[in-house]
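Keeping their order, the protein sequence lines are chains Z and L. Following my numbering, the numbering of the first sequence begins with 1 at its first residue and continues without gaps. Following my numbering, the numbering of the second sequence begins with 1001 at its first residue and continues without gaps.
To give an idea of the interface, some chain L residues facing chain Z are shown, with a C-beta separation under 8 Å as derived from the structure:
| no. | residue |
| --- | --- |
| 1 | E1004 |
| 2 | P1005 |
| 3 | E1008 |
| 4 | A1031 |
| 5 | L1045 |
| 6 | A1050 |
| 7 | L1137 |
| 8 | F1139 |
| 9 | F1143 |
| 10 | R1182 |
| 11 | S1202 |
| 12 | A1207 |
| 13 | P1211 |
To be clear about the criterion: a stretch of chain L counts as covered by chain Z if any three or more of its residues have a C-beta under 8 Å from a C-beta of chain Z, and this derived list gives those stretches:
| no. | stretch |
| --- | --- |
| 14 | 1012-1021 |
| 15 | 1053-1060 |
Derived from the structure by calculation, the hints contain no laboratory data. The beta-carbon is built from N, C-alpha and C at its ideal position, and this holds for glycine as well.
Each chain, written out:
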Amino acid sequence: MSLRIVKPGLLSSVQDRGRRGHAALGVGHAGAIDLPSLAIANALVGNTAGAAALEMTVVGAVCRFERATRIALCGAEIDARLDARTIGGWQAIDVQAGQTLDCTRFVHGARACLAVRGGFAVARALGSASADLNAGIGPRALAAGDRLDFGDATTGGASDGFGEVERGHSSDHRGIRSGRAGDPREVQGGRASDTWEVQGGRASDRRHIPFLVDSRRWFDADVEVPLRLMRGRHHDALDAASRRALFGAPFRVARDSNRVGLRLEGPVLHLAQPLELVSEAVTDGSLQLPPGGQPIMLMAEHPTTGGYPRIGQLAAADLARLGQRRPGDPVRFVECSLDEAIAAERRQRIELDLLLTAIRERVHR
Amino acid sequence: MEFEPLGESMLLVRFGDAIDVDTTQRVHAAAKVLRAAALPGLHDLVPAYASLGVAFDASTWDDGRKPPWCNLVVRIEALLERAATDAGAEAAACITIPVCYGGAHGADLAAVAAHAGITIDEVVARHCAVVYRVALLGFAPGFAYLLGLDPLLHMPRRAEPRLRVPAGSVAIGGAQTGIYPRELPGGWQLLGRTPLHLFDASAASPALLAPGDRVRFVAIDAARFDTWPRSGGAA
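The whole structure should be built from the sequences, with the hints applied where relevant.
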């Protein structure tokens, strides 16, 4: 036992980088919506990039640690409390057994990642620990009383006080367990993973080197910043007013948005003439126009294929920014070319790589 | 063959604009070639009716000069050109799906018969007479879109989609027929239900059907449906 969910918040689920390689069977990738935040949180606690974290949404979870560990909170800005103490995001924090973390109060943003040292050890489905809530693959959304074990997805690093590793208990360490005593039901069947548990070291071992990430590059509370959108294949089939509205008018994130897609309220968009389309692959950030005229921006749990007109494609460098918008927040699009989007993605990727390298050097020193 | 970058890390390879068996077979052949080539940094292949989606890792294909997708296109073109010459017809697997038609398992069977102007028995006979081809799996994990439906059985989707279509439902949506792999909302016309399990994420081979597979249906009665082994292997 390592972490117990006291209150799950609005929607908390286990997410990693996603499920790859099964799209031909209709299996989407899921995974964290704000991938840079996941990567940074994992690096801060010394995890491998593929470690599973907790994604919280708008109202975060309250959880109790049953074992000492190191945590990091990245993404949305939270007024987080560890017992009575206020703790900041974007840094590694040591937690003692028995402490309670309260992430209820989101100040800005919609999604936060809580990484723990070693990641969460939940049963993998098709190679990933990610909950695909829409498709019903992987663990379900977390509920009060659920318990999560810590895993062994670390990059090593003996000087951080967590080097003392002990073989975990055997058979029933498989992931989320519901909290009622005598009811060790699992969310997902799976093999008993041979969990390596990380033991909290002696206090004197904890030569913790603080590393605080400059979060401004990775989280922006300003919801007025326009998002870069490329024209989609069917953009030119919009009527003239709709083409103007797409790149000029304000939209809002609708209430019924979720991890599959963000529905955008605003001017109703129309095609000049109906299109006969054949379903084909879609991807994160594809902006589809269903018959009702309210566009949907596809997010991490989108189906693998879609048959609606694709009127736009969000620049990948703005995906996390969009994922941090809450229902009711404004969304404005500014047109960008594919080459501009590629340059922005490259810049963001290189910056992230540099940051992750710097964090790992500190963590392992 | 036409290439369309869908953002920074997805490439669509398009072989046509319409639903026809030849185009879909080219898509499947291309998917096979790319899968066998095991190119680095390919996350996923998404075969559809007329196009193949290639999800790739931008950093793997980024040489810092040309856009990553352009580098990928060069490799894909070379691979598919070479493969075009030896694209022999290949015997795909043929999977038999037992279906209990009508009654509680096929609430729309009578409506389909009325729409086609034939008897219920004739709907079943026509639905079972064809060897279908799996065009793609989409909508939900394991949901197979099948090509080859008898034109007389084409029928528009229901005006009011159902909130819950039972797992295993065999249905018609427009010119297509398909099978619901689990309980899902859906607007297709329900003909019957198969006791087979179409998708199991914990299985080594999670989906019963794969793109390119051939499929035929065989009618079973309600008693046979009820006593079908729970392991749900193919007939």
